[in-house]
Amino acid sequence: IEGAAVIMAGAVLSGNRISIGKGVLVECGAMIKSPAVIGDCSEVRQGAYLRGYVLTGKRCILGHTTEIKHSIFLNDAKAGHFAYLGDSILGNHANLGAGTKFANLRFLPGNVTFMHEGKKIDTGRRKFGAVLGDEAQTGCNSVTSPGTLLGKGAMLMPNVTAPAGFHPARSILR
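Here the sequence shown is numbered in the working numbering, starting from 141 and rising by one per residue.
Simulated from the structure, these hints should not be mistaken for lab results. Since no wrong hints were added, every one of them can be taken at face value.
Capping the alpha-carbon separation at 25 Å, the derived lysine to any residue pairs in SDA-like fashion look like this:
#1 K241 x H221
#2 K209 x C168
#3 K173 x L153
#4 K173 x G192
#5 K162 x K173
#6 K241 x R310
Ranges of calculated distance between the beta carbons of each label pair, as one might list FRET restraints:
#7 G150 x R191: 13 to 21 Å
#8 G150 x T263: 32 to 40 Å
#9 R314 x V177: 29 to 37 Å
#10 T263 x C168: 33 to 41 Å
#11 R265 x S174: 20 to 28 Å
#12 F247 x K162: 38 to 46 Å
#13 G305 x C280: 18 to 26 Å
#14 K260 x N156: 36 to 44 Å
#15 N281 x E142: 32 to 40 Å
#16 N299 x G143: 34 to 42 Å
#17 T301 x H256: 15 to 23 Å
We put the CB at the ideal spot given by N, CA and C, even for glycine.
Produce the complete structure using the sequences and hints provided.
Here it is as structure tokens:
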């Protein structure tokens, strides 16, 4: 049926503040906790764990055994396989390679901070993951430190840990 959302048997929706858009597929074994908004034509794949406060645009992929909390996906953002995203934002057409982890908790006491243009920026938050600009992407098994910001089209290569801070558009982190 055109525009119908499909929630497969075995998917769990917990709470009364969950919005599922038109044409969404929620596969068996997915867990969606309230509040959550899943945009039109998005996929929540098998084993995905949405811990709440998840907002997606259209045509997003929330992947197989991917854990997501307090995060925003803009249109066409994809975290397809084995990822962790906490307190983060994915821009339009951003893509995470399999096994990407967005560290979001500062290891030492205090707020997440990062350096930008020689100045220390305090986020005011103990938890702050990553912000990926439009079309930014990560390679398989990459990790971002808390407070990592990747500009438009930036790339984090496979098996690399990105340091906190702003990395300009089209940067390649090796």
